[in-house]
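> Take the given structure of chain F and dock chain Z to it, following the hints.
Number of protein chains: 2
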Amino acid sequence: MSRIAVVGELLIDLISTNTVKDLGEATSFRRFFAGSPGNLASNLNDLGIESILLSRVGNDPFGRAYLEHLRLKGIDTSFVQQDQEAHTSMVFVSRSQSSPQFSAFRGADCLLEEPYDIDSFMKDIDFIHFTTWPLSCERSREVCCKLVDYALRTGVRITFDPNYRQILWTHNQDGSEFIIGFLENVFLVKPSEDDANEIFGPGEPLDYIRKFHESGAKNVILTLGQKGSMISDGNRVVTLPSCARRVVDTTGAGDAFWSGVLFGLLGGKDIFESAVYGNYCAGFRIEHEGKEVILPSIDALKAIFEAGDYL
Amino acid sequence: MSRIAVVGELLIDLISTNTVKDLGEATSFRRFFAGSPGNLASNLNDLGIESILLSRVGNDPFGRAYLEHLRLKGIDTSFVQQDQEAHTSMVFVSRSQSSPQFSAFRGADCLLEEPYDIDSFMKDIDFIHFTTWPLSCERSREVCCKLVDYALRTGVRITFDPNYRQILWTHNQDGSEFIIGFLENVFLVKPSEDDANEIFGPGEPLDYIRKFHESGAKNVILTLGQKGSMISDGNRVVTLPSCARRVVDTTGAGDAFWSGVLFGLLGGKDIFESAVYGNYCAGFRIEHEGKEVILPSIDALKAIFEAGDYL
Chain F
1 MSRIAVVGEL
11 LIDLISTNTV
21 KDLGEATSFR
31 RFFAGSPGNL
41 ASNLNDLGIE
51 SILLSRVGND
61 PFGRAYLEHL
71 RLKGIDTSFV
81 QQDQEAHTSM
91 VFVSRSQSSP
101 QFSAFRGADC
111 LLEEPYDIDS
121 FMKDIDFIHF
131 TTWPLSCERS
141 REVCCKLVDY
151 ALRTGVRITF
161 DPNYRQILWT
171 HNQDGSEFII
181 GFLENVFLVK
191 PSEDDANEIF
201 GPGEPLDYIR
211 KFHESGAKNV
221 ILTLGQKGSM
231 ISDGNRVVTL
241 PSCARRVVDT
251 TGAGDAFWSG
261 VLFGLLGGKD
271 IFESAVYGNY
281 CAGFRIEHEG
291 KEVILPSIDA
301 LKAIFEAGDY
311 L
Chain Z
1 MSRIAVVGEL
11 LIDLISTNTV
21 KDLGEATSFR
31 RFFAGSPGNL
41 ASNLNDLGIE
51 SILLSRVGND
61 PFGRAYLEHL
71 RLKGIDTSFV
81 QQDQEAHTSM
91 VFVSRSQSSP
101 QFSAFRGADC
111 LLEEPYDIDS
121 FMKDIDFIHF
131 TTWPLSCERS
141 REVCCKLVDY
151 ALRTGVRITF
161 DPNYRQILWT
171 HNQDGSEFII
181 GFLENVFLVK
191 PSEDDANEIF
201 GPGEPLDYIR
211 KFHESGAKNV
221 ILTLGQKGSM
231 ISDGNRVVTL
241 PSCARRVVDT
251 TGAGDAFWSG
261 VLFGLLGGKD
271 IFESAVYGNY
281 CAGFRIEHEG
291 KEVILPSIDA
301 LKAIFEAGDY
311 L
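Chains F and Z, in that order, give the protein sequences. Heads up: the first sequence at position 91 corresponds to 91 in UniProt numbering, and the numbers run straight through without jumps. Heads up: the second sequence at position 114 corresponds to 114 in UniProt numbering, and the numbers run straight through without jumps.
Among these hints, one or two may not hold up.
Same chains, same names: a pair is fine if it fits in one copy or spans any two.
What the hints assert, rightly or not - Straight-line C-alpha distance at most 25 Å; calculated SDA-like pairs for lysine to any residue:
1) K21 x N59
2) K21 x R71
3) K146 x P202
4) K21 x H213
5) K73 x V20
6) K73 x T27
7) K73 x E25
8) K21 x D117
9) K21 x E85
Since the hints were derived computationally from the structure, they do not count as laboratory data.
The following block holds chain F by itself, in its conformation from the complex (with noise of 0.2 Å):
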């Protein structure tokens, strides 16, 4: 009966539907339930893992649109609070040419509070995992550290997902210093290759790895787009090339790259052969287009690309 907490933003995304230079000249969106750990829980339920969301949305109609949609899902939000009077937080996104163009417009993320219940919210957890932005602020950041500690104090291990953009830490000025900080205490972290430029400045992937491991990560999985991924668990690298046969769609294939990791390590696995599946996972969203498709079981993963021989 393990399960993982996956901590963070709840978000809704609005992408522009026409091909904009600057954000400002879109004049339609189409809205999408995001936010990485919502999309982790989804794709963990694909795979048949349970988790628990600690996150906070708006009480307006998005963020119960969007507990509905994860309730009809099967997954746990009795710890998803709903702010009175902040808004859902929400995200547009341009679609453009060269790199899509962000608006983050923060409301209920920011003001996560503890879960009623920490240790109920704690049971039976195995992971637990959390994404940077309710590192960003003030308040959620203190609700990070105190699960931070309970976690250290049980056993319960952190993986971390190190998705840093300066521009969400407006407030707090120390965003690479006190995620380094965060490292310290990490099981697991798995930067693309912009994430560590974000933290550590340009650099090459050895020098990422090493420095994640310096910071005191004890594994790391660097992502490299295109090129696969580097894993280390301190000792060796191991580079995986992608798995995907051909690229339809690539959002969310981080996140279901999450998934699969953390089933191989719930599944005892070591670093090595998780990080396979987490390949699998991804490269089963990168040959389909949409998030929303089901993800299908490890087994059936290993047979598409085990048949497929891709290595």
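Chain Z only, in chain F's frame:
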């Protein structure tokens, strides 16, 4: 060189493109530049009246695009503030078979500050116009009260759009009470029946008019939708039927009405004759799809509607 000062919210409206039962079900939205003060400034500009806006948007793609939109029309935005942290306020609206549902995500509009140079802002001002939005938040309310004092000291007449909805006043629970007090110094108030009902509770049109006068408003225009409007100077009440010959789109009709009334008052007409101009402007908006259609001159509107002999 007389001008009108317009104080209040510049909003981004996001209106669902599909008809839904609940706003949370809406999956796509169109973006519009909105907020009654922005619409009013735009209508006044169409009629050749100079206005100056006091408002606050976020320094985000939406706020910047809205300012650019106003500037392109030639509207003075030198007193529109840009908040560095809070986002441009937004309103999500559902298209619905019954009444549209809305959800306001307020940001910068609540944080309105005093004009950096109040004498320059109030220079050559004949009327200062308020909506209820800035009255609903503590900081912006203080700014309004200072401007009212300044107006009373300098003989600037106050017009007031009592577009009150209790749901916007979550922090200050004194909505209708405060509005009734605010009416004390008002030269002209133009409520709809819905506004009057929100402020005074259920009642008949003549009762509402009496209550607005008793609260201090010198002139009252009560709009009754398709039934037209009732105009009162405290001595007599005139009923004015709507001049719209067909109903295409009622969006923005109220703000158009205001612009015609203010055109008349600036030209020295009394409230009854000014209301006829307001009626023309509203009629034109109602007969045309979209508030982006430029309002013709009052002379042209006269020709359009008097030729139709609508009275």
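> Against this structure, judge whether each hint is valid.
Each hint tested on the structure:
For the identical chains of this complex, K21 and N59 are inter-copy neighbours only, at 17 Å across copies versus 33 Å inside a copy, given an alpha-carbon limit of 25 Å. In this assembly of identical chains, K21 and R71 lie within 25 Å of each other by CA distance solely across copies; the values are 20 Å between and 37 Å within a copy. Proximity of K146 and P202 under a CA criterion of 25 Å is satisfied in neither setting, with 32 Å inside one chain copy and 51 Å between copies. Taking CA atoms no more than 25 Å apart as the test, K21 paired with H213 passes in neither setting, with 39 Å inside one copy and 52 Å between copies.
In this homomeric assembly, K73 and V20 come within 25 Å of each other (Cα to Cα) only across copies, at 22 Å, whereas the closest approach inside a single copy is 34 Å. Within a single copy, K73 and T27 get their C-alpha atoms only as close as 32 Å, which misses the 25 Å cut-off; across copies the closest is 19 Å, which meets it. In the homo-oligomer, the alpha carbons of K73 and E25 lie at most 25 Å apart only across protomers (16 Å), although the nearest pairing inside one protomer, at 36 Å, exceeds that limit. In the homo-oligomer, the alpha carbons of K21 and D117 never lie at most 25 Å apart, since the shortest distance is 47 Å inside one protomer and 35 Å across protomers.
Taking the shortest alpha-carbon separations for K21 and E85, only the inter-copy value of 23 Å comes in at or below 25 Å, while the best intra-copy value is 34 Å.
This entry does not satisfy hints 3, 4 and 8, going by the numbered hints stated previously.
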